[in-house]
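Protein chains in written order, with UniProt numbering: chain A, 1 to 621; chain B, 1 to 621.
Some hints could be false.
Computed list of lysine-lysine pairs in DSSO-like fashion (alpha-carbon distance at most 30 Å, straight line) [as the list claims (entries may be wrong)]:
hint, chain 1, residue 1, chain 2, residue 2
1, A, K303, B, K303
2, A, K293, B, K303
3, A, K307, B, K307
4, B, K305, A, K299
5, A, K293, B, K331
6, B, K459, A, K28
7, A, K407, A, K266
8, B, K313, A, K307
9, B, K313, B, K303
10, A, K519, B, K28
11, A, K267, B, K267
12, A, K557, A, K530
13, B, K307, B, K331
14, B, K60, A, K557
15, B, K305, A, K331
16, A, K313, B, K305
17, B, K299, A, K307
18, B, K303, A, K319
19, A, K407, B, K407
20, B, K307, A, K293
21, B, K313, A, K299
22, B, K60, B, K453
23, B, K303, A, K342
24, B, K28, A, K407
25, A, K342, B, K305
26, A, K299, B, K342
27, B, K267, A, K266
28, B, K299, A, K313
29, B, K28, A, K544
30, B, K342, A, K303
31, B, K303, A, K305
32, A, K200, B, K564
33, A, K516, B, K28
34, B, K305, A, K303
35, B, K342, A, K342
36, A, K305, B, K299
Please keep in mind that the hints were generated in silico from the structure rather than gathered at the bench.
2 protein chains.
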Amino acid sequence: MASEPSLSASNESIPQMEPPPPAVERFKYSARVFLRSILGRADGGKGLAGQRVLVGGWVKSGVEKQKPGVPSSLSPGAAAHPVVKDVTCSEVLINRLSILRSIARILTGGVCNALSIGKPADGPAKPVTTVGYLRISDGSCAANLQVVVDSSLHTLSQILPTGTSILVEGVIAIPKAPGKYAVELEAEKVLYVGGVDADKYPLSKGLLSRAFLRAYPHLRPRASMVASIARIRNSLSHSTHQFFQSNGFLNVQMPIITTTNLRNHKKMFEVSILSSKADDSLRLAAINDQEAKTLETIKAAIKEKSKRIEELKRSNSNKEALLTALQDLQKANELAHQLEHKHTSILTKTIKEDFSENFFGRQAYLSSSTQLHLESYACSLSCVYSFGPTFQVEDGQPSKSLAESWKVEVELAFARLEDAMNCAEDFLRYLCHSIIEHCPHDMQFMYKRIDNKCIDRIKSMGSSPFARISYTEAVEILNKRFEEKVEWGTILSREHESILADEIYGRPVIIYDHPKDSKPFYLRVRDDFKTVSAFDIIAPKAGKLVQGGQKEERLDKLIERGRKLGLVQEDYDWYLDLRRHGTVQHSGFSAGLEEIVMFVTGLDDIRDAIPFPRNRGSADT
Amino acid sequence: MASEPSLSASNESIPQMEPPPPAVERFKYSARVFLRSILGRADGGKGLAGQRVLVGGWVKSGVEKQKPGVPSSLSPGAAAHPVVKDVTCSEVLINRLSILRSIARILTGGVCNALSIGKPADGPAKPVTTVGYLRISDGSCAANLQVVVDSSLHTLSQILPTGTSILVEGVIAIPKAPGKYAVELEAEKVLYVGGVDADKYPLSKGLLSRAFLRAYPHLRPRASMVASIARIRNSLSHSTHQFFQSNGFLNVQMPIITTTNLRNHKKMFEVSILSSKADDSLRLAAINDQEAKTLETIKAAIKEKSKRIEELKRSNSNKEALLTALQDLQKANELAHQLEHKHTSILTKTIKEDFSENFFGRQAYLSSSTQLHLESYACSLSCVYSFGPTFQVEDGQPSKSLAESWKVEVELAFARLEDAMNCAEDFLRYLCHSIIEHCPHDMQFMYKRIDNKCIDRIKSMGSSPFARISYTEAVEILNKRFEEKVEWGTILSREHESILADEIYGRPVIIYDHPKDSKPFYLRVRDDFKTVSAFDIIAPKAGKLVQGGQKEERLDKLIERGRKLGLVQEDYDWYLDLRRHGTVQHSGFSAGLEEIVMFVTGLDDIRDAIPFPRNRGSADT
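So that you can see chain A by itself, here it is in the shape it has in the complex (with noise of 0.2 Å):
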């Protein structure tokens, strides 16, 4: 390998200095240190003053200004910071991994964009007359590193623009003038510099709203909001992980893909390699071009005989001519059939038969829950959760809605709705203790930029219990502070949710034990008749975060319901294999990744809560 030297530290130890300065905690895959390291500390960074160190990132905003007097060549914080021993950091490393030369190989490889090192591309160093101060961001953290660059070791005007991306050596120091900074990076070696086409970079102006960032889903993590959401996002999965490890629930990676299709009469995503195949039909069809050429001219020759047929009756003359012309006319007609047959049965053939065949052996689709396959799981192995995208063809607002949507699913044998609920609330609490503890930085600055109840709503949701009332006590509720009634057995509106969980309790409510007709049919169906072993989970702010219920594990009672909805027993009975063998009480829960961002953040928007929304008419990027 000695052909391509990397930055790598993780391979070979470091020469050690003498006296041990503060450790800097280093990325182990590159020299690189993460901005968190340093600015994620207590003391912002304040403790490792005075170490050298290499960090990455990208530009936020950069500017020039003139240099108060110095001595040229040495950049104020060599100055103010002397090196630990005489061999600098970066020597070592030039020693130990030849960067240089492959720095060398790199420019003359061709980059495209600005790129150099040490000292300006265009010329021996000039004397310093101007400094560039750089705030950068390399999405360890919320925060930015303001980096002081010498105009003596970069051209500053292609280092400045907001976007370039710079890989620089330097020495931690606390700003001499006191400012916002705890403490900045006085460069050393300007390592790497890839520059932007400032004509077209989107994302050159400073603040940008989030519709506008929208339409740069590949670019807008680069903006400090959607970086921010992002970690707050990862936080989030990594704690759904880590609440049902620690709790003894296994992980199963459920299907996507299913020809399982209970959604009744709702659309679902159909998944086929077919229309490549209709291209080659369709290709086919071309081919007999020619034939079809032939039909049009053979129709305009009939329209023309015709006419000719129309004139010898008219002018009443010789019947022979109107015979020969009569038969001519026919033969015509015979072809024409003939031709048009055989065009119409490509058409068909088309159609019929290349919709019927498909990769699968049967109509496919895109799952839009994991949940039947995920109780196959947990009818052995007990307690099972599942996370990953599911999918909805939607058609309601694409700011409330998205066509491809991550989603964790629990289920739990031997376990009632009570159950369910609890562990539902749990979840949702540790969600809301760990966010806190883990992004401080950027919940703060979703307070600031986003919501500033936030923090409160989730410090308040993390520390009492939510409220639990059946869904026919809501009703009660709402009919005491409504002159519209609410009928017993419509489906709750998110208005009324609102009012429950934002004015009545002001916390979260567990409404349970829903009208039958409003739920699925799989859930348990209670002595009533009426009702369902259901409950949705409604946070003020946010509205429906969860919705789960107790599974119907009578073998009798389930078919019943499925033959009421009208649907075919063979397209689900390996579902009903897990009621006829085996079969126990349990219960479950579903909780869109999505929804608990924008809980969290007090996002509005569901396309800001994911990298890439999905919607109709929007998968461009």
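Once you've looked at the hints, dock chain B against the given chain A.
Then chain B, alone, in the frame of chain A:
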């Protein structure tokens, strides 16, 4: 919630007994304990002898034996292990949670399968003559618990069959006769039984082949081996998250539905809601059945009329009659043309318009890799990984490839080839360490039943560094072994890989710097213009576990390679933006979860490494 008492112990504290017995770790979301909490202890559960617990699970096997002379009505367990206090645990539960009330309700609610409590369903307790010995599993660990049930507690024939579910309260006891079990459970109450339809239950017989089990993906996790694989897979999944999270990577969820298709001529699954639209069109066509029938009638008439005209001609009858007949035929022809035209245009519309219309506005696919989208997040958040399903239209051996498989994909910004190789090697070694630590019993099971080298293999992978050779070196090494030369540039076969990893090195081998044309266009071209900075990790027995490389960060090179492959630039222009704006050197890799499961367990059929395998013609459950 008084109407639906729960078995949950999470909300109320259980009255303390004095003196406190050794603690059984309780499951938080029901009063049941996981078998792992008993059998997973270092002492196999012996230290818990005398404790009363509630367990649930499925019967693996059951036998009925004559009971040795013991006074009736008292089970040997109760006799051997006097209750610590006057009040039994079950009485506490009954008082507190009204279990009996609830069970009574379940009984009246019509459970379809066998269900009874306390005593046999068919009358008062009979004098005790026999005892049932059940081995049960709840999926929480590889071991089974022996449950001893007196025939006075339940009709044994109902609970002995394999696959029966049972919820039972009893006392943990050291078996009187020494045998294979460290402890057993002496049942005191049978709280719930879910019978099996023995004639139809496919897993009634003892040891079943994996091929047989594959036909029942929804039931096969009840087989010990499949459950072990599921626990190993869970552990590998969670360790994957642990490894990347602890090293500062962010988990980002990348889209499944994509319109970016760079696989060139390789087929991808398409996503649509088309065929239901096409169904509409076909229905529309069906409405025109009436017209179609008319057309058939007319065509029959035309045939008849044509025949008549031929007869008229042959009989040389008067021209008047022939003329009338011909004119009559002509009218029929015109009508037929009209109807045919209408029919054809409906069919053409169905194909052309409906095929080009699409939910996402253009052709959308199931992503075969999150690679490109992941780079977008790496180029702002630095180090990211995705972990989710990917899709391939595969027509190879179903035992070797899947249409739907789980991949972890990783991307590091400011990182070179060697950084990614180091990270991938550490990742695999971490998985090997953690699986031995977290799943020792399941790994023992694999060792005994599947592959008696699997434990040695993962231990050696965890302890020694991988070999690293370039592709060119690999070809030279192989050519020393073979008569038949391997030509530089050919893709190494599975056999070549096996010779390197199994025979020559006897450990995993990283092969890097592959011929340009054998790898994707986005890998970084080396200065020789012949190779790219790619790498594969080949493991003994399993073959290729990881593929990765350094990505081309230079815009001009990337465009050039895409052009040579005939890619349409506008299809991936957003991806080029990542090079136009703040490009950095970045590297990454991807690893298939199923391949890792196969490596770890020694399984040789990939369909056994995933819960619900998807392949051509196979997505029925």
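Which numbered hints are broken by the structure, listed smallest first?
none
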